[in-house]
Amino acid sequence: MSSDWTDHGEGTTNPGETGPDAEVASPTVECCIDNLDPDSRQEIEASEASVDIRYCLQRCGRCYKQPFFVVDGEALTGADHATLLETLESGVTHDA
Amino acid sequence: MRDLNVLFISVDSLRRDMLGAYDSPFDWVTDLGVETPNLDRFAEKAITFDNHYAGSLPCMPARREWDTGIQEFLWRGWGPIEAYDTTLAEKARNNGVLTKLLTDHFHLFQHGSSGYYEDYHGFEFVRGHEDDLWRTQPYEADEDLLQQVGYDLDSDRAETTAEVTDAAANPNHVLDPYDLGHYRPRWKYVRNVAEFDDEDETDFFAAKVFSRAADWLRTTSGWDQWLLRIDEFDVHEPFHCPEPYASMYTDEDPRDPELPVWPYYGRTDGGQAALTDRELAFIRSQFAGKVTMVDTWLGRVFDALDAQDLWDETAVVITSDHGFLLGEHGWIGKMSPDFDLVAQTPLFVWHPDAPASGKTVEALTSAVDLHATVLDLLGAESDAGTHSESLLPIIQGEATEHRDWALYGWWHSDINVTDGTHTYMTPIQEDVPLYNYSTTQMSAQSPFTPTSGYEGAESGAFLPYTDVPVWRQQYPSASLVRQPRLYDTDADPRQSDNIVTESPSVTAEMEDLLQGALETMAAPEEVFEQYGIDR
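Protein chains in written order, with the working numbering: chain A, 634 to 729; chain B, 4 to 538.
Just so you know, the hints here were simulated from the structure itself, not pulled from any lab data. Note that the structure is predicted; figures quoted are calculated from it, not measured. Take every hint as true, because none was put in to throw you off.
Heads up, incomplete: computed chain A residues facing chain B, CB under 7 Å, no partners named:
1) 663
2) 666
3) 687
4) 691
Ideal Cβ positions, reconstructed from N, Cα and C, are used throughout, including at glycine.
Given these sequences and hints, build the entire structure.
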């Protein structure tokens, strides 16, 4: 990705490892703060998963309806965020 | 000075660095050669404000600042005009001014955003922009445009098996299985514009709004004084342009389904907003096309002012709510750290008697100031207790300085302050409780209409600018910058060098400035703690 000036994610929780030097490509996982209750957020922040918790991922309907992460740009849904974390740990986020 | 008609125009997401009146620090903008001849023509006769900053971000908080003079992001987020607010239209109306609103801005009318149009004597709403809840036909939506606005029609998605099965069973299976349950699905736009002709720009939004404005100017007579408010939603995404604008800044086929016109916000190097160089170049070209399209149709409004000989009795204010990152700093959109490409906005003011006409003003000014300015131009007074400081002394040539600081940011996130030469970004501390203050039980975050109550909500007269009791409800916060950042925007307008470590004395000065600003604003106690500022 080229741009006139690139901020390489200074201080962000998970800029992702997308460069050519990344040994194993970690998925970029994004989560909306409005999709979390306080306990779920604590659980995610305490986990080893690298989840970028942000405001509004522009997926308001899904966000209103059910727990979800966005993994490398694709929605991953589950019964709760603990299940989503387990799915991330298993490394199987595409089951279709 | 005499009382004037006021034409107050906002163009959404208009990056100032794409206008001829302002320089761009970014080579790609210069190389593209974006054409804005009408705004350039206007700027030559108006006052150009070179140090104007947004306040409350994004779109609707900016509208409430303009409308009410309240810098809301220290107290609440995206939401309605409050019962205790006094709007521009109400103040003008009470001063005997005819008021009219022309807009294609759906958010003024959607759930949770009441109060933005009701005070005008008349309003017209051009339907269909973004996800306006308008057309439900045709059933078979345009597959190419569906892809361009963000749908993956190849179904190679990370859905659960059950969801994909549901999708396959859905006769309208090209759509996401949750789309019929979605609150703001992007297919709304595809159906809204299904009958638009790409070769006929008069079908599109800026053309419709500005044409109606020109007609209104040509046909409105008999009233002593008027306020015409034009709230144009273009340049806002989707960046879906008619010709000739769609092909003006690219050699690509603008209807190639592989090329996006509605990017997700985020970092461009990974995640949902990841873009290839080709995709980003295309998005930039369509954004630029929309800028030129807006300029073209804005020119029709200027033509109407010419034809009706209205310039001598009309003040014209043109601004934007925020900019939009197009790959700079590694981000796309406006939900990013609040770099100047988002926060430093264009502002032009035409006043027939202004001694500074045709000149550039360097004074630091803020979006919230436009409330008192418009009222002053109309000869009306703003309420005591607002945060708005009229620019009329500058317009009259009686002052060259205006503000020592401008605050800007998103409620629930980081705060920024500028003195006009430096910008200082301070992260919100997520472990400090964040509160929303409002008369309504609102979710400032989507989907705007919560169906259940919030634990621990309190009511009381918490606000320094009204004695009306409000709800105080706790919400989550999220930082984007995580660490303080300092930029010397005079020497480094691209904001490429964070000098917070190497410039401790300037950092301390900016912290003092932020502290003073928050104290002047009588910000809630927790706000000081959220940003690590002593009282």
